[in-house]
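Given chain A, put chain B in place with the hints provided.
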Amino acid sequence: MKKLYVLILAFIALSFLVPETAHAIPAFARKYGFTCTMCHTAFPKLNDFGQRFRDNGYQIPGQEGYEKNVFEIPPPISMRTPVGFSVYDSKQGATSGFNVYGLDLLAAGVLHKNISFLLIYTPRIDEPAGDYAGPNNGANPSQLGSMESANIVFSNIVQNALNLRIGRFEPAYQVFSSHRSFYIMEPYEVYTFTTPANSYLFSDNQMGVEATGHFKSGFKYGLGVVNGNGGNPDNSNYKDVYLNLVQIIGKGDGQSAGQRIGVFGYYGWQPTVLPGSVVAPTGETNGSGNKPFYKLGGDVSLNWSTLNLEVLVMGGNDDKALNTLDPTKDYRYSGGFVELDWAALMNNRLIASVLYNWVTPPSYDNGRSINAYSALVRYYLGDWTAFNVALHGEYTYREIGTTNPTKDNLFTVLVDFDF
Amino acid sequence: MKRAKYFLMLAVLIAPSSLIAQGSPKQQVLPNITTINVHSLGPQRIGNLPPVPVPPDNPQTSMKVQLGKQLYFDTRLSKDNTVSCQTCHDPAMGWSDAGPTSTGIHGQKGPRRAPPVSNAAYNPLQFWDGRAASLEEQAEGPMQNPVEMGNTLDNVVETLNGIPGYVEEFKQVFGTTPITIAQVVQAIAAFERTVVTTDSPFDRYIRGDRKALTPLEKQGMAIFNGKGHCTACHWGPDFSDGRFHNLGVVQTGPSKVDNGRYDVTHNPADMGAFKTPTVRDAGLRPPYMHDGSEKTLETVVDLYNRGGGDDDPNLDPLIVPLGLSKEEVKALVAFMRVALTSNNPEVAHVKPIPVSELPK
Numbered sequence: 001m002k003k004l005y006v007l008i009l010a011f012i013a014l015s016f017l018v019p020e021t022a023h024a025i026p027a028f029a030r031k032y033g034f035t036c037t038m039c040h041t042a043f044p045k046l047n048d049f050g051q052r053f054r055d056n057g058y059q060i061p062g063q064e065g066y067e068k069n070v071f072e073i074p075p076p077i078s079m080r081t082p083v084g085f086s087v088y089d090s091k092q093g094a095t096s097g098f099n100v101y102g103l104d105l106l107a108a109g110v111l112h113k114n115i116s117f118l119l120i121y122t123p124r125i126d127e128p129a130g131d132y133a134g135p136n137n138g139a140n141p142s143q144l145g146s147m148e149s150a151n152i153v154f155s156n157i158v159q160n161a162l163n164l165r166i167g168r169f170e171p172a173y174q175v176f177s178s179h180r181s182f183y184i185m186e187p188y189e190v191y192t193f194t195t196p197a198n199s200y201l202f203s204d205n206q207m208g209v210e211a212t213g214h215f216k217s218g219f220k221y222g223l224g225v226v227n228g229n230g231g232n233p234d235n236s237n238y239k240d241v242y243l244n245l246v247q248i249i250g251k252g253d254g255q256s257a258g259q260r261i262g263v264f265g266y267y268g269w270q271p272t273v274l275p276g277s278v279v280a281p282t283g284e285t286n287g288s289g290n291k292p293f294y295k296l297g298g299d300v301s302l303n304w305s306t307l308n309l310e311v312l313v314m315g316g317n318d319d320k321a322l323n324t325l326d327p328t329k330d331y332r333y334s335g336g337f338v339e340l341d342w343a344a345l346m347n348n349r350l351i352a353s354v355l356y357n358w359v360t361p362p363s364y365d366n367g368r369s370i371n372a373y374s375a376l377v378r379y380y381l382g383d384w385t386a387f388n389v390a391l392h393g394e395y396t397y398r399e400i401g402t403t404n405p406t407k408d409n410l411f412t413v414l415v416d417f418d419f
Numbered sequence: 001m002k003r004a005k006y007f008l009m010l011a012v013l014i015a016p017s018s019l020i021a022q023g024s025p026k027q028q029v030l031p032n033i034t035t036i037n038v039h040s041l042g043p044q045r046i047g048n049l050p051p052v053p054v055p056p057d058n059p060q061t062s063m064k065v066q067l068g069k070q071l072y073f074d075t076r077l078s079k080d081n082t083v084s085c086q087t088c089h090d091p092a093m094g095w096s097d098a099g100p101t102s103t104g105i106h107g108q109k110g111p112r113r114a115p116p117v118s119n120a121a122y123n124p125l126q127f128w129d130g131r132a133a134s135l136e137e138q139a140e141g142p143m144q145n146p147v148e149m150g151n152t153l154d155n156v157v158e159t160l161n162g163i164p165g166y167v168e169e170f171k172q173v174f175g176t177t178p179i180t181i182a183q184v185v186q187a188i189a190a191f192e193r194t195v196v197t198t199d200s201p202f203d204r205y206i207r208g209d210r211k212a213l214t215p216l217e218k219q220g221m222a223i224f225n226g227k228g229h230c231t232a233c234h235w236g237p238d239f240s241d242g243r244f245h246n247l248g249v250v251q252t253g254p255s256k257v258d259n260g261r262y263d264v265t266h267n268p269a270d271m272g273a274f275k276t277p278t279v280r281d282a283g284l285r286p287p288y289m290h291d292g293s294e295k296t297l298e299t300v301v302d303l304y305n306r307g308g309g310d311d312d313p314n315l316d317p318l319i320v321p322l323g324l325s326k327e328e329v330k331a332l333v334a335f336m337r338v339a340l341t342s343n344n345p346e347v348a349h350v351k352p353i354p355v356s357e358l359p360k
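Those sequence lines, one after another, are chains A and B.
With the first letter of the first sequence counted as 1, position 241 gets the number 241 in the working numbering; the numbers rise by one all the way through.
With the first letter of the second sequence counted as 1, position 43 gets the number 43 in the working numbering; the numbers rise by one all the way through.
Be a bit skeptical, because a hint or two may be false.
To be verified - Label-pair distances were calculated between CB atoms; the ranges are:
1. A/HIS112 x B/ALA133: 24 to 34 angstroms
2. A/TRP342 x B/THR252: 50 to 60 angstroms
3. A/LEU345 x B/GLU357: 40 to 50 angstroms
4. B/ASP263 x A/TRP342: 37 to 47 angstroms
5. B/ARG210 x A/VAL83: 23 to 33 angstroms
6. B/LYS326 x A/VAL389: 26 to 36 angstroms
7. B/THR265 x A/VAL263: 52 to 62 angstroms
8. A/ILE77 x B/ALA92: 44 to 54 angstroms
9. A/ALA352 x B/ALA98: 39 to 49 angstroms
10. B/ALA92 x A/VAL83: 55 to 65 angstroms
11. B/PRO345 x A/VAL354: 49 to 59 angstroms
12. A/TYR379 x B/ARG210: 19 to 29 angstroms
Just so you know, the hints here were simulated from the structure itself, not pulled from any lab data.
Just so you know, even glycine gets a beta-carbon here, dropped at the ideal spot from N, CA and C.
The shape of chain A in the complex, shown without the other chains (with noise of 0.2 angstroms):
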């Protein structure tokens, strides 16, 4: 019993160590001769411009059709990584160490009037040393290989109104993007809580296709139909759908300019029978015994000069035949996330953030319940033509439980580059 209570806070602590991979492509920049700061209030954050420019399938609105394709260009392809310190206090003991937070590898341009697509690659990360079987002994590397997004968006289908993403995306529903976050350390708890005999993950990119739109009402619409697994190949027959619409009000975007609201649902279902007896040459198998779940949840972001303001909420909701710890009734959670982002200096040099997040989990599961308290400050070297180097601080004081709750604290201090 001792020897699963380790093991499983030994798990916690990885989980809090690896970080959210993220991007900002810089390839896009290069292309233009632009700054970071024309689609980032500060990278990787986006601002009203990068999201018109990302929401129009990597074109800037108006150009689409004299926009250079990648042929045209240098080779449209990015890097990301976080290097650096962090001390590590818990209840246990305290560690630290110098790191590699992660390494995002990235593709993405046009390839055609409204023809466009996105890549990125993060390889597996189990360094320290090459026959170092990683942390865990290789359960949890410090960063999973993965095809994180490897999609192709048709533009315009119908102007603005209808826009086709197919692959493995980010989903519209994240609305406050897991990526595009200034937290590296600090995931939103919310996104990346899990429950039981569930392997959906809402901060995951999903495989499937989703239309989006966007109105000069300021209205917009996402709405998906996915495997639900991340990378995964598919588990069952049955696939998911969710719908996230959203209002913005005033001029701007809802990034950086303009107030936002929406409400997001996601619906899916997950097998109780695995494996299924048929399996695909892709992969897939027929899983069956299909028991649904949900999420529902709403946010706003409030934008006063350059400050914004990010709250999300939302519940979820699985089938009790999907309750491993009690089967007699459906389990139900909640959690969300409030964030305050300053942009200050000239040309949002710096940023300064707070963050609270949480999660309340059942009562008979409320071991797993979290209250996190983070702070951030980034400081941008320079205003470079597409690159950056940003100098990290991130501070995280996290609760888990709620009688006798196990406290954390994280601290990092990282180089953060992109180019």
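Here is chain B on its own, set in the frame of chain A:
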């Protein structure tokens, strides 16, 4: 490959264009450059201007340029001999006028502001609404515009054919008599193609003189190319995408409603959209915008910082509130006002040709 060609052309051009500026007296045929339009290459970096694109059917020659210059400053092109191109496009006023909109014959006020003639040669389309495809086509406009020069093209040709000095010059340049209107506009356009500003502090900085810009101006450049999103439209060497956008500029002046590009295309998306003007030398020519409604560069930046004018249902999607601080506005304005103001003696300080030296 394309790029190599482009640079070759650039090299070939730079030498002779400096000769034109000195007004070499000999008839000298300059190498012909096919119309390469920077705008057809898609969004690009801000930088030094490439050689001017010249249409194959109107090659630059030094005598043609000189003839065009005379016509440009000659009030006899107007109905009552009071107005020349210079009246509204004065070299001393950044090749524009005092504004807010132009004043033509009999003191009539036009509905729009005079855009600069300098660097107009790089515009893929001329006028605020792009209704003329070339400088040649454009030049016919003001002569027959009742509130500008108030003339007819037939009358212009008749007047010029009655001036022996011009007949002789046109014959030398084009080899034929009598003078035709096509020749008149070709000569004017050839002159306009020499009105190019290439020597601003920004240009020197791009050519490698790291001290050409002050730290404030450099910050302004970074904002222009970053947080301000200015290069989303004011891109490329001439700081313009050559396309049309609605910024929600409040319509002022004689014309109560100005549909802009819509009147040319009848495409609802173009309602209230105007051509992106170059911001090179903008410091020399307040007030700003198609109706001259913004008095200073500061108020222009304020407009952008607010996210454009209010209540325009057709506001361009690239226009969003910017959250620029006072210091950032100051830097941005310094970049435009100082760093983008050129000092090409032959362009910035062209002296009008005195009446006594015009052909008789």
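Now the hints, each set against the structure:
1. Evaluation of the 24 to 34 angstroms hint for A/HIS112 and B/ALA133 yields a pass: the beta carbon distance comes to about 27 angstroms.
2. Separated by about 37 angstroms at the C-beta atoms, A/TRP342 and B/THR252 break the suggested range of 50 to 60 angstroms.
3. Between A/LEU345 and B/GLU357 the beta carbon distance is about 56 angstroms. The supplied range of 40 to 50 angstroms is therefore violated.
4. Between B/ASP263 and A/TRP342 the CB atoms are about 45 angstroms apart, so this pair conforms to the stated range of 37 to 47 angstroms.
5. Between B/ARG210 and A/VAL83 the C-beta distance comes to about 30 angstroms, which sits within the given range of 23 to 33 angstroms.
6. The given range of 26 to 36 angstroms is respected by B/LYS326 and A/VAL389, whose C-beta atoms sit roughly 27 angstroms from each other.
7. Checked against the hint of 52 to 62 angstroms, the pair B/THR265 and A/VAL263 fails, with Cβ atoms roughly 38 angstroms apart.
8. The supplied range of 44 to 54 angstroms is met by A/ILE77 and B/ALA92, whose beta-carbon atoms lie about 50 angstroms from each other.
9. The supplied range of 39 to 49 angstroms is met by A/ALA352 and B/ALA98, whose beta-carbon atoms lie about 47 angstroms from each other.
10. A beta carbon spacing of about 57 angstroms between B/ALA92 and A/VAL83 agrees with the range 55 to 65 angstroms that was offered as a hint.
11. Checked against the hint of 49 to 59 angstroms, the pair B/PRO345 and A/VAL354 passes, with Cβ atoms roughly 57 angstroms apart.
12. A/TYR379 and B/ARG210 have their C-beta atoms about 24 angstroms apart, which keeps the hinted 19 to 29 angstroms range intact.
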